[in-house]
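Trainee: Residues per chain, in single letters:
2 protein chains.
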Amino acid sequence: MYKGYVRLWYEPQIWEPHGLQIEDSLLDLGKRRLKNMDEAGIDMQVLSLSTPGCEQFGATRGMALSRKTNEELHKAINKYPDRFIGLAALAPQSPEEAARELERAVKELGLKGAKINSHIRGSYLDEKKYWPIFEAAESLDVPVFLHPNTPNPSTIKPYLDHGFALAGPAWGFGAEAALQAMRLIYSGIFDKYPGLKIILGHLGEGLIFWMYRLDFSFKRPWMEEEVRPRIKRMPSEYIRDNFYVNTSGMHSVPAFLSVYLELGADHMMFAADYPYENSGEAARFIEEIPASNIDKEKIQHSVAEKLFKLA
Amino acid sequence: MYKGYVRLWYEPQIWEPHGLQIEDSLLDLGKRRLKNMDEAGIDMQVLSLSTPGCEQFGATRGMALSRKTNEELHKAINKYPDRFIGLAALAPQSPEEAARELERAVKELGLKGAKINSHIRGSYLDEKKYWPIFEAAESLDVPVFLHPNTPNPSTIKPYLDHGFALAGPAWGFGAEAALQAMRLIYSGIFDKYPGLKIILGHLGEGLIFWMYRLDFSFKRPWMEEEVRPRIKRMPSEYIRDNFYVNTSGMHSVPAFLSVYLELGADHMMFAADYPYENSGEAARFIEEIPASNIDKEKIQHSVAEKLFKLA
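Protein chains in written order, with the numbering used here: chain A, 14 to 324; chain B, 14 to 324.
Wrong hints could be hidden among the right ones.
To be verified - With a cut-off of at most 27 Å between alpha-carbon atoms, the simulated BS3-like pairs for lysine-lysine come out as follows:
id, chain 1, residue 1, chain 2, residue 2
1, B, 319, B, 205
2, B, 48, A, 232
3, A, 170, B, 170
4, A, 142, B, 232
5, B, 142, A, 170
6, A, 48, B, 232
7, A, 170, B, 232
8, B, 205, A, 170
Note that these hints are calculated values from the structure, not bench results.
In this text, all values refer to a predicted model and were calculated from it rather than measured experimentally.
Given the sequences, and given the hints that come with them, work out the whole structure.
Mentor: Here it is in structure tokens:
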């Protein structure tokens, strides 16, 4: 087991009884969840296995859990098809099998894409061995939600010296997911699979704030190729074309505005981050953002409907 | 020598001839620099030793270089006292001596604070052994500019797999400086030295974008103290009170707005990042930001005049 891989990302005894309440909410795929959605005015929810997911196990166990999860998702969605869609859980430890499972999940189980929880037992998603998964996603024309996890074991040490919180949602989650996204961009994967779509949570994990500076090495012709990767476009261009961000857990108007002005509503989606955040607060946040009603509707549902092919 | 510590943060042969042109500009403390300021409409400039600074050497050599640098700064400033002020170079490897050097630099050489280039040969600034430096800064009522460097050697590996650029200004610089800042906050150093003032570059190294979420563990009473550090206030409160950010290298209106709306003009300062960025472009950026003239003046000069006690 890697650090951060103990029952969600925390140790259960620390967060009792609230950790268990969250777990109960996660496991309920019916009335409790629908009631929360109704109260917040949320019509549809995207279901997915919570972090750290199947990525934490050995390949065989991970794959078995991935298949079982996707079948459970399929059942829950079939029960309330007008309220739920789902993203497949994968076990990228077995890349070829994971690619086939994504295909099965989309074609046979009706799931709308995949969710991957950042690093795979310490290795990065841009490693070539994982590319069959992204090839399958592009070929199926479904997005991959790159969800955070605690930092890669090789970098986590400085996040743990002052209490575990710095490794979690307050900082390490975003640091890890953003580094993964940057590595994907630098790896050239979007040149190989130009139709690949990546979803980032938390208003883009900080990537959009840095958009101007991400191109630093690419706007300076005197920075030769030994320094920067051999990719065809500038990082910001891949982000604009290949990335979608959601608003999970970031009910901040200043942060929202920076992403909205940089990326535009066509690549932004509402997310409640249920049950970790308050769904009603999340929904009200979008109601009150300084944006046109057309853009609010895009963020609230139209972009997701198009991306997940619901219309 | 640590990675990233080879002549500035790059290897000279890679960036010829432009690396050498930058070096020439860095070393000139007279006409060439003043001409650039005049052309951009910049009245005063804060001089400091460029990253990675004295932090890369052994304690004895580092201290000697620190003293020499500060004396050189003093001379250059005395030559053009209405155009230059300076921040002391320190060698925190020798914390007590560095604290005394800061005192000498402020009291005897007229420097206005200190600049520290992130990690000290791989160790973090929040380690208790470095606190005498921050104690001195608080006692002298001068700010410490926490400047980025390439990531700490213990975390740098994943930044180096696709060309060196990810470890530099395009990503790693900010990741490292922000982690340092978060560790300072989590360490409780601002409870011990509540008057301590930290300057961050690049519009706050991403910290301000995350402001809402930085308090994640602190707004949830059920997250007990085993998870989060025992500090008196929420991270965002320390940032609001103890941090100043400058606009170096971030000529982005969306990013600017998020920081401006979150932090306010009273803690923001113009920076040109000479000679790494174009001073004229940096100055024009502030002229054109969507903010009141009063706030522009604060950002252009008033906040710095107050912080560095120039008025």
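Trainee: Does each hint fit the structure? Answer for all of them.
Mentor: Hint by hint, here is what the structure shows:
no., hint, result
1, 319(B) <-> 205(B), "holds, 23 Å"
2, 48(B) <-> 232(A), "holds, 25 Å"
3, 170(A) <-> 170(B), "holds, 13 Å"
4, 142(A) <-> 232(B), "violated, 40 Å"
5, 142(B) <-> 170(A), "holds, 19 Å"
6, 48(A) <-> 232(B), "holds, 25 Å"
7, 170(A) <-> 232(B), "holds, 25 Å"
8, 205(B) <-> 170(A), "holds, 24 Å"
Checked against the numbered hints listed earlier, the structure breaks hint 4 alone; every other hint is satisfied.
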